[in-house]
Amino acid sequence: MKLNFDHMQLSAHCESGATVNLLGYYKINIDEPMVFGIGAGYYFGHLPFLKMNFSPATTFRALPGRVFSRTCHALGVEFERNTYRNVQKGMDELDRVLDKGIPVGLQVGVFHLPFFPAEYRMHYNMHNMVVYGKENNEYFVADSVVEGENKISYKDMMRVRYPKGAFATNGRMYYITKVPDQIDLKGPTIKGIKKTCHEMLDVPFWMVGVKGIRFFARQLRGWPEKKGNKIASQYLMQAILSLEEIGTGGAGYRFIYGAFLNEAADLLQIEELKELSVEMGKAGDRWRNFSYQGARNCKNRSEPEFSYDLLADIILDCADREEQIFRKLKKIKF
Amino acid sequence: MTENNKDKKNDSHIVDAENLVVDNRRFRITHYKMEEDGQYSHLLASDWGARDPIVNQSWDIVKERIRVAKEKVLKGEISPIAYYMEKCITDVSTLAKYTGMAKWKLKRHMKVKVFKKLNEETLKRYADFFEISVEELKDIDHLKL
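Which chain is which? The protein sequence lines are A and B, in order. FYI, in the numbering used here the residues of the first sequence are 1 to 334. FYI, in the numbering used here the residues of the second sequence are 335 to 479.
Rather than coming from a laboratory, the hints here were simulated on the basis of the structure. The beta carbon of each residue, even a glycine, is placed where N, CA and C say it ideally should be. Some clues are possibly wrong.
[Stated by the list, open to error] A few chain B residues facing chain A, derived, Cβ under 8 Å:
#	residue
1	Asn353
2	Ile363
3	His365
4	Lys367
5	Gly372
6	Gln373
7	Arg385
8	Pro387
9	Val389
10	Trp393
11	Val402
12	Lys431
13	Tyr432
14	His443
15	Asn453
From just these sequences and the hints, can you work out the full model?
Here it is as structure tokens:
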């Protein structure tokens, strides 16, 4: 059986994309920046105790699963989200829901995912995709990041749903059960903006939010002395990888969020939001500046072309810009 | 990606990290951008940000680790498990979870002396994850080529 899924949209962020595609099946027209903003996917965290690819983890997004659940809660859409410890039970449940004619979102690991581009197939377990049919033991997959119609066999599906390692998914799947008759985007938009402001400014922990960006700058300044140039360039590379690479839409979601603020300005009729969206774009350009100059450092590893102090200064500048933006956002009376 | 790589992909699901040739223009992804007038647009593009040097660099590091591990295996300092572990871009804790082995046990199995005494069953657990046969795992001569 194969559901009619020709409205599929390609997107930058895999989870927002999966949410857009799932909502689109129920005729809710909403685009990626809007979902990302309402779901408050915007975030920053530098967590040195968490290692990815042998380097401290830097994240520009909320935990996987947050965007979908927050968006659905805000829009009043009812959904079901489960993990299954037993592999067979998880696969049977997927088949059962598909037979009812409901498309299912899955959180998967990309290491065994056959249609994914080879250069990104590392042990990364936070990818999201939508399954919309099964025929001859093959599943039809709408992956919002990979172009074209993709198929995946039953055996492979079992593998990608049950990867091991950090953030193992345990076969997480989610699907929409009930959609309200009317959708009003205004309330959820305001809620999403407030949530993001709170997360960036008010969380009393020094590794996340705007404080986290400053902490990241401080750490970066110390790397060459503490770890040596070679390790420092590896750490820097990992940070830029999560800033620019697949899924962020450029400059660590800053451009997507700018697009969201721009749309919100039209929706809520507030001129100030438009100015802030331009500011956000400028902050994004600054982040991009950082990635360009940092990448040069990664190229010749023994001798850095730019000093790490200079890179740290760019990040501090980003932190100042973002703090200003969110302080202004917080003050707006909706 | 070369055709050679594509053929290999069919019988093994794991990317051949050692011989991977990254084609930077093959994969396109949505990319957001701010225009001069403050409006936003998005398009499919294969080059964004500082993508090329970063992706290449990340694979260079992986390949370097594989090369070092291979040399050590050929010299007889560590067991082939360590080489295949690097080849699957894994670290000890992830591999331990995939094979269901304790971390300390896994580290012990990386000694050549211990590796030679391992029974078939244990070797098969490793071989299944690396997607090779047990004979291939034991045989280090074919790595020399």
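| field | Interface hint status, tyrosine 432 of chain B versus chain A (Cβ within 8 Å) | value | Holds: closest Cβ of chain A sits about 5 Å from tyrosine 432 of chain B, inside 8 Å.
| How about histidine 443 of chain B: closest beta carbon in chain A under 8 Å, or not? | violated (18 Å)
| task | Under 8 Å, Cβ to Cβ, is where arginine 385 of chain B needs to be relative to chain A, so tell me if that hint holds or is violated. | result | holds (7 Å)
| request: Grab the minimum C-beta distance from lysine 431 of chain B to chain A and call the hint holds if it beats 8 Å, violated otherwise. | output: holds (4 Å)
| task | Mind checking the CB of valine 402 of chain B against every CB in chain A and telling me if the closest is under 8 Å? | result | Given a least distance of 13 Å, the restraint on valine 402 of chain B is violated.
| said: Checking hints one by one. Is glycine 372 of chain B an interface residue toward chain A, by the C-beta closer than 8 Å rule? | reply: holds (4 Å)
| said: Next item in the hint list is isoleucine 363 of chain B. Is there a CB on chain A closer than 8 Å to its CB? | reply: holds (6 Å)
| query | Does the CB of tryptophan 393 of chain B sit less than 8 Å away from some CB of chain A? | reply | holds (7 Å)
| task | With a cut-off of 8 Å on the beta carbons, see whether valine 389 of chain B makes it to chain A. | result | holds (6 Å)
| said: Less than 8 Å between beta-carbons is the criterion; does proline 387 of chain B satisfy it with respect to chain A? | reply: holds (4 Å)
| field | Interface hint status, histidine 365 of chain B versus chain A (Cβ within 8 Å) | value | Hint on histidine 365 of chain B: holds, closest Cβ of chain A at ~6 Å, below 8 Å.
| Taking 8 Å as the limit, does the beta-carbon of asparagine 353 of chain B come near enough to a beta-carbon in chain A? | violated (11 Å)
In the structure shown, a violation is registered for the earlier hints numbered 1, 11, 14, 15, in ascending order.
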